[in-house]
Amino acid sequence: MSRYVRNTRRWPRALIAVLLIGGAMLPASAEASIGAGVGASPIALAQPGHAGGTYSLPGLYVVNTGTVTTGYVVRVHRLSPGHQKVLPAAWVTIERNNFTLRPHRSMVVPLRLRLPAGATPGSYLSNLVASTAVPHHHGGTTLGAAAATKLELAIAGQGSSTPWLRIGLAVAALMVAAAIAAAVRRSGIRLRVERH
Amino acid sequence: MNAAQWLCQTRRGVAGLAALVCVVALVPVEAAFGDSGGSVNETIYVSQPLRSVSVATGSGEAGVEICSNSQPVTFPNDHCPASDYVTVTNGPVAGAIDVQGADAVPSDGGTHWQLCGGPGGTDCSGAANDGVSEAPLGGSANYPGQDQYQEETEDEGGDSPALTNNPQCDTAYYGMNCQASAGQAISESIVFLGPSASTDPSGTFTSSIMWTAVP
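Chains as they are written, first to last, in this note's numbering: chain A, 1 to 196; chain B, 197 to 411.
Just so you know, these hints were derived from the structure itself, not from any lab.
Just so you know, not all the hints are guaranteed correct.
[To be verified] Non-contacting residues of chain A with respect to chain B, defined by C-beta distances greater than 10 Å in every case (computed):
| # | residue |
| --- | --- |
| 1 | Val86 |
| 2 | Ser123 |
| 3 | Ala148 |
| 4 | Lys150 |
[What the hints assert, rightly or not] Covered stretches of chain A (in silico footprint by chain B; criterion: 3 or more residues with CB under 8 Å from a CB of chain B, positions within the stretch not fixed):
| # | region |
| --- | --- |
| 5 | 32 to 43 |
| 6 | 52 to 66 |
| 7 | 95 to 102 |
| 8 | 115 to 122 |
Glycine included, C-beta positions come from ideal geometry on N, C-alpha and C.
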């Protein structure tokens with residue numbers, strides 16, 4: 001019985017020791033953080049776009065990598081280096097913006113691309129940047145996190161983008177077909193295809 | 197008569213061929229990109245790598261205090277360390293980490309303090325570095341003038357350019373060409389150098405620092 005009592009008296013000490021060790025470890029593991037993540041694969045138009053065209057882009061995957069519920073803002077802003085032309089932010093419509101994510105939750109932000117009629121052919125590059133919304137603080141410096149992925153596209157040359165050229169080609173094809181038909185009729189030649 | 201015979205022997209065949217050519221030539225390119233109606237959309241979710249960055253302070257707060265209530269910024273050009281260090285952790289994909297500052301905005305919304313002396317930013321318009329007092333940040337030749345301030349993030353390596361309102365390579369990663377490896381975490385401290393004078397009389401100013409993971 002006395003042995004049992006001694007053992008049970010040891011429990012509080014053991015519990016205190018466990019709590020102290022746990023308490024010492026807690027600040028590191030429970031450290032609050034804010035974070036932002038996006039899908040690392042570039043968002044790109046699968047085929048060259050055409051001036052005046054409107055396209056659906058793959059959505060931007062945004063995830064809260066921090067430990068606190070955070071507001072996010074998505075914008076188009078060139079950060080990556082490269083020789084490509086800067087893709088103007090006005091060409092991209094971010095169809096859902098200024099949203100809040102709980103820790104480790106994600107959202108796919110739909111994107112739409114509208115190329116102006118006078119867009120210059122060539123390769124374009126920019127970045128889609130998902131940033132934590134900076135809250136109004138009472139003073140001091142507020143910290144923020146953001147993640148960016150590439151947004152790439154090419155605009156096809158004028159030759160293939162002008163509908164008049166395609167119409168002209170179609171008219172020319174019609175004229176050639178008519179000329180062949182007339183020549184065949186005048187010559188009296190009849191083509192006969194036989195299958196054996 | 198098979199289709200080939202029909203095409204070759206009749207006018208209708210020629211007309212049909214021409215119509216086919218027209219249709220092919222005039223089909224809008226946009227239709228080939230899936231904007232046409234009448235289809236069934238199927239979404240398949242595929243796991244993809246994540247580019248991310250996380251920022252934490254030792255205190256767990258989402259911000260740090262510059263100077264403090266008990267030791268507020270004095271004029272001219274008070275040096276102040278932040279109340280806490282900041283740990284910046286790159287996500288699972290290697291890449292560059294950029295950092296960017298912002299204007300300090302007074303609590304009454306009046307005249308901002310602008311960042312100065314950083315690469316490509318506004319020059320500091322205060323007194324020239326006399327070489328005796330603590331130097332301006334980021335190698336600036338002058339101290340911040342009225343309504344100007346300087347801020348920089350430092351790791352143990354020390355010297356770094358002053359922050360600007362535009363993203364720039366985080367100095368803590370300079371030794372690695374500004375590239376952070378997957379999962380790399382670095383502790384940085386924030387250093388502040390105040391204006392020579394302030395137009396706005398507010399007792400608190402707020403600014404922000406943003407770290408960005410860039411491909």
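Tested hints:
1. Remark: the non-interface label on A/Val86 is consistent with the geometry, its nearest Cβ contact in chain B lying 14 Å away (cut-off 10 Å).
2. The beta carbon of A/Ser123 sits about 16 Å from the closest Cβ of chain B, which is more than 10 Å, so the claim that it is off the interface holds.
3. Its closest Cβ contact with chain B, about 5 Å, brings A/Ala148 to no more than 10 Å, contrary to its assignment away from the interface.
4. Not every CB of chain B lies more than 10 Å from the CB of A/Lys150, the least distance being 5 Å, so the non-interface label is violated.
5. Against chain B, the region 32 to 43 of chain A contributes 11 residues with a C-beta closer than 8 Å to a partner C-beta. That satisfies the three-residue criterion, and the hint holds.
6. With 8 residues bearing a CB less than 8 Å from a CB of chain B, the region 52 to 66 of chain A meets the requirement of three and the coverage assertion stands.
7. Counting residues of the region 95 to 102 of chain A whose CB falls under 8 Å from any CB of chain B gives 0; the rule of at least 3 is not met.
8. Proximity of the region 115 to 122 of chain A to chain B, defined as three or more residues with a beta carbon under 8 Å from a beta carbon of that chain, is not established by the 0 residues found.
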